[in-house]
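Visitor: For the record, the sequence lines run as chains A and B.
All letters in the first sequence, in the order written, are residues 100 to 861 by my numbering.
All letters in the second sequence, in the order written, are residues 4 to 168 by my numbering.
Worth flagging that the hints you see were computed from the coordinates, not collected in a lab.
From a predicted model like this one, the values you see are computed outputs, not experimental measurements.
A portion of the hints provided could be inaccurate.
Which bits of chain A does chain B cover? Going by a derived footprint, with three or more residues having C-beta under 8 angstroms, they are [unchecked claim]:
| no. | segment |
| --- | --- |
| 1 | 729-738 |
| 2 | 812-819 |
| 3 | 824-830 |
| 4 | 837-847 |
Quick list of simulated restraints, FRET-style, between CB atoms [said to hold, decoys possible]:
| no. | chain 1 | residue 1 | chain 2 | residue 2 | range |
| --- | --- | --- | --- | --- | --- |
| 5 | B | Arg84 | A | Arg645 | 26 to 32 angstroms |
| 6 | B | Tyr106 | A | Ala140 | 32 to 38 angstroms |
| 7 | B | Asp28 | A | Arg823 | 39 to 45 angstroms |
| 8 | A | Ala691 | B | Ala56 | 52 to 58 angstroms |
Partial list, computed: chain A residues near chain B (C-beta under 8 angstroms) [what the hints assert, rightly or not]:
| no. | residue |
| --- | --- |
| 9 | Pro160 |
| 10 | Leu164 |
| 11 | Ala742 |
| 12 | Val743 |
| 13 | Ile746 |
| 14 | Leu750 |
Just so it is clear, CB atoms sit at the ideal spot from N, CA and C, and this is done for glycine as well.
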Amino acid sequence: MTLAVLLPFLLAGLAAWLGPRLGRRTGYVAALAFVPALLLAVPLSGMPGTPPALEVTRWVPTLDLALAFRGDGFSLLFALLIGVIGALASLYSVAYLSERERFGRFYAYLLLFGGSMLGLVLSDNLVALFGFWEMTSVTSFLLIGLWHTRSAARDGAVKAFLVSVIGGLALLAAVALIGIAGGSTSLSGLDVDALRASPLFTPALLLTLLAAFTKSAQLPFHLWLPTAMEAPTPVSAFLHSATMVKAGVVLVAKFGLLFGSSALWSGIIVPVGLATLVWGSWLALRQTDLKALLAYSTVSQLGLLMSLYGLADAEGRFAATAHLLNHAAFKAALFFVVGIVDHETGTRELPMLGGLRRVLPLTFAAALLAALSMAGLPPLGGFISKELFYEGMLHHGPLFLAVAVLGSALTFAYSFRLLRVFWGPLRHPEDARPHEAPPGLTVPAGLLALTALVFGLLPGTAEALTRTAQGALNFAEYGGHLQLWHGVTPALLATLLTWGLGGLLVWQAGRVGDLQRRLTPRTNANTVYYALVDGTNIVASRLIARTQGLALPDQLRIMLVAAGLITGYGVWRAPQVFHAIGTPPLALLPTAALLVAGAVGVLLARSRLTAVVVTGLTGFGSAAAFLGLRAPDLALTQLLVEAVTVILFLLAFRFLPGSRDLPRTRWRYGLDVGLAASAGVGATLLVLASVRFLAPPISPYYLENSYRLGGGKNVVNVILVDFRGFDTLGEITVVGMVALAVLGLVRLGQRGRTPTSAEEEE
Amino acid sequence: MSPKRRKSATLPRPSEAAAAPLAGDPILRSVSRAAFALVILFAMLLLWRGHNAPGGGFIAGLMTACALILHRMAYGHSALRLDPARLVPWGLALSLVTGLVPYLLGRPFLKSDYGYITTALTGEFEWATALLFDLGVYLVVVGASLAIAYGLIDVEPDETVEGDG
Chain A
100 MTLAVLLPFL LAGLAAWLGP RLGRRTGYVA ALAFVPALLL AVPLSGMPGT
150 PPALEVTRWV PTLDLALAFR GDGFSLLFAL LIGVIGALAS LYSVAYLSER
200 ERFGRFYAYL LLFGGSMLGL VLSDNLVALF GFWEMTSVTS FLLIGLWHTR
250 SAARDGAVKA FLVSVIGGLA LLAAVALIGI AGGSTSLSGL DVDALRASPL
300 FTPALLLTLL AAFTKSAQLP FHLWLPTAME APTPVSAFLH SATMVKAGVV
350 LVAKFGLLFG SSALWSGIIV PVGLATLVWG SWLALRQTDL KALLAYSTVS
400 QLGLLMSLYG LADAEGRFAA TAHLLNHAAF KAALFFVVGI VDHETGTREL
450 PMLGGLRRVL PLTFAAALLA ALSMAGLPPL GGFISKELFY EGMLHHGPLF
500 LAVAVLGSAL TFAYSFRLLR VFWGPLRHPE DARPHEAPPG LTVPAGLLAL
550 TALVFGLLPG TAEALTRTAQ GALNFAEYGG HLQLWHGVTP ALLATLLTWG
600 LGGLLVWQAG RVGDLQRRLT PRTNANTVYY ALVDGTNIVA SRLIARTQGL
650 ALPDQLRIML VAAGLITGYG VWRAPQVFHA IGTPPLALLP TAALLVAGAV
700 GVLLARSRLT AVVVTGLTGF GSAAAFLGLR APDLALTQLL VEAVTVILFL
750 LAFRFLPGSR DLPRTRWRYG LDVGLAASAG VGATLLVLAS VRFLAPPISP
800 YYLENSYRLG GGKNVVNVIL VDFRGFDTLG EITVVGMVAL AVLGLVRLGQ
850 RGRTPTSAEE EE
Chain B
4 MSPKRRKSAT LPRPSEAAAA PLAGDPILRS VSRAAFALVI LFAMLLLWRG
54 HNAPGGGFIA GLMTACALIL HRMAYGHSAL RLDPARLVPW GLALSLVTGL
104 VPYLLGRPFL KSDYGYITTA LTGEFEWATA LLFDLGVYLV VVGASLAIAY
154 GLIDVEPDET VEGDG
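Could you put together the complete structure from these sequences and hints?
Guide: See below:
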């Protein structure tokens with residue numbers, strides 16, 4: 100399992116390197132990365148008998164953080180799903196992508212994403228789970244924004260990222276709360292009873308739900324998913340069918356064991372899921388872009404899955420897992436089909452297409468199977484899981500069932516709307532010459548469509564898989580069976596009603612369209628989102644204009660006052676930690692006088708040059724003080740820093756405006772004198788009072804151990820490179836970044852000017 | 004030296020006239036030739052002995068930067084054949100790798116090691132992995148301060164940024 104998770108990460112680096120060299124054939128390497136995930140089928144097949152395996156790699160033991168992967172039936176099933184779809188998507192994109200694509204980048208992102216997803220479903224450690232969760236957000240951001248020169252792709256990527264980051268933060272908080280209340284960061288080691296009794300239970304539950312809803316595009320967070328289709332089609336198939344969006348479903352399924360006992364859990368999830376089902380399929384019916392239709396259909400199907408897992412009973416989970424399998428099969432197949440249509444005709448717009456079954460017969464067959472499975476028609480897998488869905492909802496009241504039927508009827512309608520591109524007279528954009536796609540494209544689509552058929556005709560296969568998953572999630576025994584015919588039941592009647600309603604919707608498609616146009620609300624999730632984003636930008640730019648637009652002296656004044664207030668508050672709240680340490684050595688008095696003289700001199704200096712020289716006085720004065728305190732290292736550093744500073748100052752002189760700084764009013768003068776004096780006095784007092792507060796001094800430890808442990812006689816240096824080496828590493832990183840930032844600022848004037856400069860025009 | 008330097012420099016270099024007022028003084032040239040070598044040697048010494056006596060990567064880096072700036076001012080071109088900003092990532096990488104090696108060997112991240120070797124030439128001789136780490140610090144400091152200084156030297160003084168009165 101560890102290998103299954105890590106191999107995609109390793110091969111991602113390889114793919115990035117191979118991409119420019121092998122071109123599209125990198126896809127074969129990428130498909131290899133999913134082989135270990137496919138091999139997880141072996142432990143899965145023996146699953147009800149064998150206990151779940153646990154592979155733990157220590158990571159940060161002090162934080163109770165480990166790369167722990169637990170192969171229970173549900174995780175393994177999901178990992179297998181990711182492996183299958185991931186491998187197929189990699190192979191599909193070999194034939195799909197154009198020659199000019201940046202393959203290295205594409206496959207590297209795809210593999211990183213696949214690896215994060217595998218890590219997410221297999222992870223047993225809560226913190227690692229959160230880490231993988233965030234990595235799916237980041238990598239999907241990269242994937243959606245792959246064609247980043249298009250503004251729609253950038254917008255979609257940012258939107259997906261912002262929404263899922265909200266959820267990510269919620270999950271971080273939830274994980275922390277669960278870890279605290281449950282006494283462990285390991286999912287399988289949690290003390291569930293303690294968690295339930297804890298007052299943190301409800302907040303953790305709500306935060307988990309927020310995370311799951313954002314990731315799985317439930318209302319009102321569904322807005323990011325349709326724009327995420329800006330990604331290349333193989334990616335969409337991967338993201339939408341098997342993985343990214345189902346992360347939230349996985350979370351609900353897994354954490355249902357922790358939270359399912361609460362009425363709040365199903366009380367929130369089921370209505371939200373059903374609302375998403377209906378609203379998503381309503382929106383899907385309206386789309387003219389095939390991929391947008393599929394995206395909204397994913398939203399609605401996720402609503403269905405959510406509501407079933409949210410029931411947190413054995414029946415719901417059984418039905419949900421069955422539908423999960425079916426959905427992965429038919430949705431990925433449909434995405435592949437849409438990719439073929441797009442590839443062959445150059446468009447995805449429904450009104451521009453028709454009669455494609457004549458030129459794309461194989462694709463049509465795959466599309467028919469998959470779409471009928473989505474519509475819930477026998478003898479396909481989708482029919483069976485829909486029956487189970489109705490059964491589950493039926494036990495919760497007729498209202499739930501009615502909503503479920505409505506949503507499914509809409510699903511039925513949009514499934515047939517999708518198929519419209521294959522009926523009627525042949526119609527396609529004029530410059531396209533559609534003919535059957537190469538096997539690289541049709542085989543993955545066909546395989547998945549056949550799977551949908553197999554799940555229907557041989558329900559035993561899906562049932563075996565579902566039951567394994569169920570057993571592993573500690574579900575209560577559920578005796579249901581997957582079968583095509585189980586007598587005339589209420590669920591069957593509901594199905595018939597669905598078909599009737601769906602048929603009506605298909606038949607009256609024109610009127611439904613009119614109705615939809617009339618019912619379109621003016622505000623929707625997207626307008627709210629853009630209003631929020633714009634609002635944030637406006638507030639931010641106003642804030643920047645108010646604060647950063649000030650002259651430097653004003654900014655300095657504000658900072659000093661703020662620093663004073665914060666420190667003052669600290670002293671006021673906890674005066675006991677400050678106590679005087681007595682008098683400083685008197686021998687340093689002359690140096691101190693030198694320092695003060697330098698500081699005062701800066702204020703009195705009439706020209707900049709004088710000011711710089713006099714500032715040097717304070718610097719060299721400090722160096723002298725360090726020497727007096729027997730710190731030659733510091734003194735040497737101070738001297739050199741001073742020298743470099745002076746050089747940089749002199750170089751920077753050439754840019755400064757010639758005159759002396761801004762005119763100051765008398766009032767300003769007074770303010771500045773007051774500020775400077777109080778800051779100086781305050782800082783002095785603070786230093787004198789707080790040197791030894793809180794903890795005993797640590798210096799004896801370094802003095803004793805620096806030679807023995809670090810092998811150096813210069814304690815300062817040993818601290819820098821050994822004891823506190825990590826700090827130094829951070830500091831030099833900062834130094835490097837500062838240098839690059841300054842360089843950027845300094846070169847700013849040059850770059851922008853060169854192309855249009857007057858000299859070149861002459 | 005000149006064509007090679009130009010090739011490796013990534014920044015669009017302004018006309019050499021910008022640096023001209025700083026270069027060309029014969030006294031400055033003569034003095035800096037001697038001083039440059041001495042200062043660099045001293046910086047190396049500081050870097051080397053930092054572990055046991057005052058010195059270390061940071062100080063040595065600053066001192067080297069001073070010497071290189073002096074050279075640049077006297078001769079109008081850098082003694083380095085590459086863009087100093089490139090030293091920064093190399094230095095960071097060196098320090099990071101120095102830290103990673105003990106981690107991969109199963110010891111704490113950045114744990115340094117040291118030991119003693121006796122050779123006929125040097126007598127007892129201490130080696131410490133901390134020196135490599137310090138070398139990384141040195142490279143970062145040299146790169147960063149030189150990048151800023153060269154950047155300031157390279158910009159023409161009378162050039163104004165857009166929208167700047």
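Visitor: Does each hint hold? Answer for all of them.
Guide: We went through each hint and held it up to the structure:
1. Counting residues of the segment 729-738 of chain A whose C-beta sits closer than 8 angstroms to any C-beta of chain B gives 4, which meets the bar of three, so the coverage hint holds.
2. Note: the segment 812-819 of chain A has 6 residues with beta-carbon separation from chain B under 8 angstroms; the three-residue rule is met and the coverage holds.
3. For the segment 824-830 of chain A, the stated coverage by chain B holds: 4 residues have a C-beta nearer than 8 angstroms to a C-beta of that chain, and at least 3 were required.
4. Counting residues of the segment 837-847 of chain A whose CB falls under 8 angstroms from any CB of chain B gives 8; the rule of at least 3 is met.
5. Against the hinted window of 26 to 32 angstroms, the Cβ-Cβ separation of arginine 84 (chain B) and arginine 645 (chain A) comes to about 47 angstroms, which falls outside the hint.
6. About 35 angstroms separates the C-beta atoms of tyrosine 106 (chain B) and alanine 140 (chain A), a value consistent with the hinted range of 32 to 38 angstroms.
7. In this structure, aspartate 28 (chain B) and arginine 823 (chain A) meet the distance hint of 39 to 45 angstroms, their C-beta atoms being roughly 44 angstroms apart.
8. Our hint of 52 to 58 angstroms for alanine 691 (chain A) and alanine 56 (chain B) is violated, since their Cβ atoms are close to 28 angstroms apart.
9. For the restraint placing proline 160 (chain A) at the interface with chain B, the shortest Cβ-Cβ distance is roughly 11 angstroms, beyond the 8 angstroms limit, so the hint is violated.
10. Restraint check, leucine 164 (chain A) versus chain B: the minimum CB separation of about 14 angstroms is more than 8 angstroms; hint violated.
11. Checking alanine 742 (chain A) against chain B by beta carbon gives a least distance of about 6 angstroms; that is within 8 angstroms, so the hint holds.
12. Interface hint status for valine 743 (chain A): upheld, as the beta-carbon distance to the closest one in chain B is roughly 5 angstroms, under 8 angstroms.
13. For isoleucine 746 (chain A), the suggested interface contact is upheld, since its CB lies about 6 angstroms from the closest CB of chain B, less than 8 angstroms.
14. With a least beta-carbon distance of about 4 angstroms to chain B, the hint placing leucine 750 (chain A) at the interface is held under the 8 angstroms criterion.
Of the numbered hints given earlier, the model fails hints 5, 8, 9, 10; all others are met.
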